[in-house]
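Those sequence lines, one after another, are chains A and B.
In this text, residue positions in the first sequence follow the working numbering: the first is 1, and each later residue adds one.
In this text, residue positions in the second sequence follow the working numbering: the first is 1001, and each later residue adds one.
None of the hints are false.
Simulated crosslink set (DSBU-like; lysine-lysine; CA at most 35 Å straight-line):
1) B/Lys1210 to A/Lys139
2) A/Lys84 to B/Lys1135
3) B/Lys1055 to B/Lys1168
4) B/Lys1210 to A/Lys146
5) A/Lys172 to B/Lys1232
6) B/Lys1232 to A/Lys124
7) B/Lys1146 to A/Lys65
8) B/Lys1093 to B/Lys1063
9) B/Lys1131 to A/Lys75
10) B/Lys1168 to B/Lys1135
11) A/Lys84 to B/Lys1146
12) B/Lys1232 to B/Lys1210
13) A/Lys65 to A/Lys75
14) B/Lys1063 to A/Lys84
15) A/Lys139 to B/Lys1048
Cβ pair distances, simulated, as ranges:
16) B/Gln1158 to A/Tyr170: 18 to 24 Å
17) A/Pro69 to B/Thr1098: 32 to 38 Å
18) B/Lys1168 to A/Leu126: 49 to 55 Å
19) A/Asp115 to B/Glu1229: 41 to 47 Å
20) A/Arg44 to B/Gly1070: 55 to 61 Å
21) A/Glu70 to B/Thr1097: 31 to 37 Å
22) B/Lys1131 to A/Asn123: 54 to 60 Å
23) B/Leu1089 to A/Gly78: 44 to 50 Å
24) B/Gly1070 to A/Leu196: 39 to 45 Å
Calculated from the structure, these hints are not laboratory results.
The beta carbon of each residue, even a glycine, is placed where N, CA and C say it ideally should be.
One-letter residues, chain by chain:
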Amino acid sequence: MKFHGILIIFLTFCPAVSFASKMVEIPTGQFIMGDDNDPYATPRHKMYLDSFSIDRYEATNEEFKEQFPEHSFWKNAGSHPATKITWEEAKAYCIKIGKRLPREEEWEKAARGDDARIYPWGNKPLRKKAHPFHSGLIKRRVGLNKKDVSPYGVRDMAGSVWEWTASDFYKKKITRGGLWNFHLEYEYSKTFDRNLVAPSNRLPFIGFRCAR
Amino acid sequence: MRTLGKITRRLFLERGLWATALIFWSWCRGSSNAEELHTYKGTDYIGKTREGEYKNFYINFWKPMRRINGETWELKITGLCDTPQSFTLENFKSFTTTTQSSRMKCVECWSARAQWSGFSIHELEQIVQPKPEAKGILFHCGDEYKEYLPRTALNQDQVILAHSMNGKPLTDAHGFPLRLIAPSKYGYKNPKAILEMEYVSEHQAGTWSKIGPYSQDGTILPGTDHPLEFGKEPRRISGGEITDY
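Please model the entire structure based on the sequences and the hints provided.
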């Protein structure tokens, strides 16, 4: 009985670390990509994708350090998303574990499903103020927010951090995200939000997840 | 006719209207000649202002401070380094000068671009030789502001100790005689009017991070910018240094 109790507590509080390597299969089919009201995401259009798999969680500091021992992070941040990583390093990590970075259309479908939703969980923000009165980045254990789940069960696609994708636009890489803080505008990112970032940048708000 | 003491109601209303008009006129006059209201102009002090010439590059200070005398000023390098010492403005003339155009992005949402000239921290570190355990620098400023940056951030490209702005020595308002320019960080991580740089072994919270809702890291986040020279017209930014405009 006591053992079961300990097991339940363990499974309740440590799922992200335990299951971080699990992938989610996204089925073949059409979905809606883009948004006509966002100049960075226009036009809204239909797109067909073959099935693919994507990591349920963002790569964590501990996972990244396993492949690249020189990776350093703050104490107790082992299960936080791995950040301050360049695009090349993220790509190298994925290749090293037999995966690849997702293309941006794959990322969007994994977050948005096939019903063109604005947020992974639906069309309304979870809260108007996600973490008010703070201008900076608050990183937490991946998968901690149990409501930030896409229709396919992929986690942290509206909050947490922005993520590198394999796609580029001119000389910049497309990041998708991501952050539950648009500096002083406390709102989760939308499924079609995109950001262009120089691949050599090593920023505290950009992490990644892999696909296959 | 009803009277209010010796003042008739008509007279009271007339005078009231005149007084209102006078207040309105002086308010309009004040805003069109804002430079005259610059609190610190002509004084021995400098402090926060958005008036006159600073409409296109706002000035923030932690506290009003006495202007620094460049002839007596010395930059003290202290803490965990092998050869702690002080530098005068004259000493910096032998340093390799680098000039760059960088946008200063304030956490208050505005930004402004300028051309900054100065030298890299590396130039200084070749002389003072920080110890291996020195993880970062705590900046002590003339307005009692303190800010910490790790050495990994300070030794990145585009991070300089600036002594000039737009081809001229820094003005008092912009942080004479020396300020840090770290373009990927919000303005509060760009300390100015630096008096002392202290090498420390552990991360420390700066003044703003201690009292305000500001992150200790201070990297510019994705969001919206309101550049002053473009009439605060909102622009999307992707985070980190703003290079697009």
